[in-house]
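**Student:** Knowing the structure of chain A, use the given hints to seat chain B on it.
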Amino acid sequence: MPPRRDEHAEAYRPGSREDFDRLYRTAYPRVYRTLTAILAEPAEAEDCAQDAFVQAFQAWNRWRPDAPAEAWVHRIAVNRALSYRRRARLRTVAEVLRRLGRPAPSADPVDAAIQPDVLSALRSIPPKLAAAIVLRHYHGYNNREIALALGVSERTVGARLKQAGERLRALLEPSFSLGAHSAFPSDNRDLYAKD
Amino acid sequence: MPKTDGDPVGDQLKSRLRAELDRVQPQWSAPRYLSPAPQRIGAWRLGLPSLVAAIACTLALTAYVATGSPNPAVWTQRIVTTVVPNVGPESTPLPTPGQAPSPHAAAPAPAPPTEGAEPTPRSEPSEPPEASPTPEPGVSPEPGDSHDGEQSPFPSPSPSPGDR
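Going down the list, the sequences are from chains A and B.
Every number in my numbering is 721 more than the matching position in the first sequence, counting from 1.
Every number in my numbering is 44 more than the matching position in the second sequence, counting from 1.
Excised from the complex, chain A in its bound form:
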């Protein structure tokens, strides 16, 4: 069962060091998991989460309690993840251009086998859509809180949730139709042996 928000943890005082420490202990795992759905590598998620808390700590005096503190940190973290992915995409383009004419490295089959399907699908859709899905269906935010966390209107949140759901279903429906996955593709070798 995923950890749900503690309503009593929202009584934060701006500028209080103890309250920010409490916010870090409460929100860091949740922010980290949100970033895991956007970024591919755990190290990238940790880096962005830590940077987001550094930025939030520097602005902690200016935080207003009218918005949930965790949603505020989420907003900073998602924005950092978006910037990180943008830069990573540019690096990828540069790497592709640099390796033009060379054989592409093959993906590790072990990594492909243990990669969770839903997280892979989330990382393949636009990160704003992925963030909305995680905030809604994992963290339990409502539309208003998602709007505060992403800095958009509630109408935009509804549109993003609908679009993200449709794209995820399109990506994952073949796997759902197949039922539960086996852990290793080699388990299916009996089928090929019969042929």
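Keep in mind that the hints are not guaranteed to be accurate.
Unchecked claim - Derived pair list, reagent style DSS-like, types lysine-lysine, alpha-carbon separation capped at 27 Å:
| # | chain 1 | residue 1 | chain 2 | residue 2 |
| --- | --- | --- | --- | --- |
| 1 | A | Lys883 | A | Lys849 |
| 2 | B | Lys58 | A | Lys849 |
| 3 | A | Lys883 | B | Lys58 |
By construction, these hints were calculated from the structure, which means they are not laboratory data.
**Tutor:** Chain B alone, transformed into the frame defined by chain A:
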């Protein structure tokens, strides 16, 4: 948890999302916000010399544009040479419209050559043209003949009583 409105995501997808994200274990490294930001200190250390260098470059560029010389020694000399001639009493008079502008107006005038003199060798113009000890006719050498009320350095001889 609030009820979602018009949710296109099925329950199976939600449960799988939760299961997969629950398996993610956050990496609890030391909170980065507790450590002092080294970037700010580094930026401040670099910023002050950069500011000083920028001001020095601006001043040097301004002086270069004003004097037209990249030599810093000229930047101060130019100020002196432009101020001193304007203060002194021997400032160069402005050329009158009747006079032809001479490029050597400010330079000391050479000795005027004698009238009708042919171009002579180099040593001749240095000689004073009026070097003859005999006075020219028409010029009264007598001291008492001074006019226009000019005071002569020599006392005029008093007229003798017999002259009257």
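**Student:** So, for every hint listed, does it hold in this structure?
**Tutor:** Now for the hints, and whether the structure bears them out:
no., hint, verdict
1, A/Lys883 with A/Lys849, "holds (12 Å)"
2, B/Lys58 with A/Lys849, "holds (18 Å)"
3, A/Lys883 with B/Lys58, "holds (14 Å)"
The structure agrees with every numbered hint stated previously.
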